[in-house]
Structures are given as structure tokens and as C-alpha cells.
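> Below are the chains, spelled out letter by letter.
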Amino acid sequence: MDDSAKQVLRKIIRRIPSNKLQNILSKWEHLSKKQFRSLEFTQAKWLLCDNLLSLCEENDLSMKHVTELEMIYRIENPAQGSWNVCQLIDPSEEAVTVDSLTFKDSFKAHLKHLISHVSVKMKKHEDNAIWIRIAWGDNFTQPNHLNPTYVVHHLQTPYVFVSGLTAKHKPFLHQALIPSTHYGGLKDVHLSGRCLTALRDLLMRQYKQAFPVKHPRLLQEKSPVPSHPNIETEHAKHTEKRLQMAAEAFGEGILPKLETAVYKLETRFRENGMPGRREEPFRGVVKFSSSNLLESLKNCVSSGMASAPVTPLLSSITQKGRNYFVITDKGPGVSHTQGRKI
Amino acid sequence: MSLKPFNKLPELNTANVLLVENEERFQKKLADAIVLLENNVNVIVRLARSLPLPLENAESRPRIDLVVFIVHLNSEQSLLSAETSLKHLDSGYFLGKVCFLVTGARCGTLPYERLTSLKKMAATLNSPLLMTEDKTAEGVNTAAQRVLAVLRVAAGLVPMATGLYLSSLTRCTVPNDPDWQNQD
Chain A
181 MDDSAKQVLR KIIRRIPSNK LQNILSKWEH LSKKQFRSLE FTQAKWLLCD
231 NLLSLCEEND LSMKHVTELE MIYRIENPAQ GSWNVCQLID PSEEAVTVDS
281 LTFKDSFKAH LKHLISHVSV KMKKHEDNAI WIRIAWGDNF TQPNHLNPTY
331 VVHHLQTPYV FVSGLTAKHK PFLHQALIPS THYGGLKDVH LSGRCLTALR
381 DLLMRQYKQA FPVKHPRLLQ EKSPVPSHPN IETEHAKHTE KRLQMAAEAF
431 GEGILPKLET AVYKLETRFR ENGMPGRREE PFRGVVKFSS SNLLESLKNC
481 VSSGMASAPV TPLLSSITQK GRNYFVITDK GPGVSHTQGR KI
Chain H
52 MSLKPFNKLP ELNTANVLLV ENEERFQKKL ADAIVLLENN VNVIVRLARS
102 LPLPLENAES RPRIDLVVFI VHLNSEQSLL SAETSLKHLD SGYFLGKVCF
152 LVTGARCGTL PYERLTSLKK MAATLNSPLL MTEDKTAEGV NTAAQRVLAV
202 LRVAAGLVPM ATGLYLSSLT RCTVPNDPDW QNQD
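These protein sequences, in sequence, are chains A and H.
For the first sequence, position 257 (counting from the first letter as 1) is numbered 437 according to my numbering, and the numbering increases by one without interruption.
For the second sequence, position 26 (counting from the first letter as 1) is numbered 77 according to my numbering, and the numbering increases by one without interruption.
No lab work stands behind these hints, which were simulated from the structure alone.
This structure is a prediction, so every number in the text was calculated from the model and none was measured.
Don't take every hint at face value.
[Stated by the list, open to error] Listed below are several chain H residues computed to face chain A (Cβ distance under 7 Å; list not exhaustive): (1) R97; (2) P103; (3) L104; (4) N108; (5) K170; (6) L215.
Idealized CB from N, CA, C, for every residue including glycine.
Construct all of the structure, not just a fragment, from the sequences and the given hints.
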């Protein structure tokens, strides 16, 4: 076991919380049962780490095995760091028939062809997701295992979730992903967040969503009835209406957990509805952040803090599945923006 | 149409209180506490977000004996909403049938001007201002007890006392010294 592997192992152990350590190490199948039992998890972490290192030396483990441990931890706890979502476009005919083995081989081959020093590790998770861990190096340096990139792809779906990718390595990843999935291109969906499962649910519509309808439906759950016959509410009808508005805009069930929504303004300044004399756009960024943004927006509407009906800017987060918007004028003035116009 | 204190006949052994709160956070808890505390008198609590009250309830609404404005100091909107609601109240209510309830005054990070402007408002309207705690059950209970005490007098259930008399004793006053808030 060389020094860099030891360093990486120490870093991984430091990152895993003590209460999860035993569980994670038991899933890592490179220690014998006797060795695993000899570890004392009540010890201080650095002491435990020293013992673990000596066991690894005994078993002659290498960097490959150490990265496996990190992957196990990351798969168990995906809500770390920020995940960005890309969408594969223009599928070819073979796209639906890609299986995990050919995808693995072809992705590795394509990436190794593009860049010489790179370490790729793949693992198939229970829910058919393929987790890819990539440690990047360049032509003269060994792969850097301290800052790996994680890519999660569900086969036969067009979405790819990426975490920890630098702009430098982005083209390599794109060039390797596109041929190995048999798609024609890859574009940014402008959706990011910490919780991977929430992003997946939002894009694959695995939550109770609201569909735009012409006629308002009757709400199943009415506003809460006062608990005592002597308590009466004056604005009961208004409350009911607000709850209905909120349900129409955001759906009735539990919403996926997003942290931020960013609106970039590139509109021209207007005076009395007419474009002002200033030609250059009025630039500004509005950022909403919360531990659970969609729920808090919904609560704002249902509690009456925000005026109803909800602006399409807020409700389009769920409908369009993105949380980065660029708002431009409708005219041809500012046309070179990446975002979708609203 | 403004709410009038004497346009309806009172009912026997009944006291009606209207809790006005824009956020609808505290009023439910307070209403439950008030209803549970009082056993001798039939206390009816009505909850509203703001005034004016919807017209369709006007017929069924009994005479309101006390209007309580709940203001959360941690939101500006709460104060503004109370201010606009005051305009829809008949002047007869300010003779001892209005009281203000403030929550969150203990928090040190809030702008002090909000409490000052609220105190000034209560002082100009000759109304009492009650400081309450909305986070704990004890605080809610205490607040309910204090509101009930004012309500009993305002509804005329206490002999020899009237709302006007009580509010002249308990009304909020603002000291004349401009630096009074800096003394502590």
C-alpha cells in the first residue's frame, strides 16, 4: 500500500461519521471476519484508522480497494455536494438496448482513449443506477483521488447526474458518455441540488404532481375544521381557496427537496410599460434558497404570505424541471442566452 | 363597512372575542386555550386574518365585545396588516374594546422601531398592549388568561367595571423622553 492510498484512506475515514463507520466497513468486503471483529469502533477515529491501515497492509490492499470504500459511502449517502443534471438528446436506435456491461466497457474505453491518466470505477446500485467514480489526472500526473467526480446514470433514461466536475474535465466526460449511451448530444438541464433522489424524482415525475386544468377540482382535504364549537373562522372560504391555489400550482403530495432557485434577469428597464431609453439590459440575479424550497414556496401560498395565483415563474420549477432561469425580453434584443424564455 | 360595537343586541352570559392575525399562526393556539380556560361564561372566539370581515358572515356574526390584534414583531407585514385593519373598526371600539397582543419582543435582533411604532399606535388609541410568548404552552396559557380578563370586563360580565374604565388604567403609554429606548 503506497503513501497516496494511505492518505486517501485516512481522508475517507475522517469524512465518514463515527456512527456510520461500522456499517460502511461491514459492506466493504476486503477484511476477513476475524479482522473486522478486531476493530474497536468505540476507539478514537485516528486510532481506529491506524489499526485499519495495518490490516490493509496485511491484506495487501491497494488504491483500487480504497476507492471502493469511498464509493460505498457515497452511494449510501448521496446528499453530499451539489449535483447537476444533464440530459442526453437525439437517441439513436441502439439507445434503448444498451445494457450495463456494454455501457461499462464502452465508457471506460472511450474515456481512456481521450485521456491517458484517469481512474474509472463503476458500480451498479440496486435501483438500476450506474454509479461512476472518475479520478482525473493529466498527461504528466497520476489521477487525483482526493477530488473525484461522481456520475450517476440510469440506463434507458436520458438523464445524467454529475457531482464534482470541473470545467476542464467536462468535455472529456461528455465525449465519453455520448457514444457509450448511443445518444447524439448532451445538454445542461439547469437543475441542481444536494439531494440526488429529489432531482431524480422531479425529472422522472415520481411525485404527486399537478396538471394544468381548465376547471378547478374539488379539494379532498378542506381547510382544518376548528377544534371547538365555540371557535369560528371568518375567512374560511379564503383559506380554502388559497389551499386550492397552492395545490394547483405545486401538487398535493410531498414535493421533491430542492435547495435553490436562481432567476437571472436580462430585461430592459421599462418606464410605464414602454422600453426605456437605456439600450443595455438591466442585469440582476434573484436567488431563493431554503432547506426545502418547493415546500416553503407552497407554504407561502397556502398561508397567504404570497399573493395568489402563483406566478408561472415559481410554478415552472416543477413543471419544467429546472431551477435556473434566464428571463429575457420577448423582442430580438437579447437573444444570445442559454436559458429558456418565460 | 366598518365593524360596529353596538349595532347588535348582546346575548345572555356570552362573550365574543375576535382575534385578528395576519399569519394565522398563534390565533388557533390562543383560541383553544381561551375556550378551555373559561367555564362559567359562554366564550365564542372568532378568527380573522384582517379587517374588514367578509360580508356574507355579517348576519350570523354576533356582537363582538373585544377585538384583539396579534402582532408578530419578527415580520413587518404583521404590523402593517394590523395598521390597515384598524381603519375598518368603528371608533366606538376604542373605548375599551380593543387590545394589542405582541409576540417575539424578547428577541434582541429585531428592529426596535417596530415595537416603538406599535407602542405609539396603542398609546394614541388608548388601548392596552400585552406582551406574550407564543412558543411555549405556558406562554399561550398566560396570554389566554390575560385576554379573558380583559374580555370579561369588556363584555360587561364584571359588576362595577366597564371596558372604558379598565382601559384608562391599563392603556399603553409612551414616555416623553426621546432616548428612553436606549436606557437599558
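> Hint numbers the structure violates, sorted upward?
Those not satisfied are hints 2, 5, 6.
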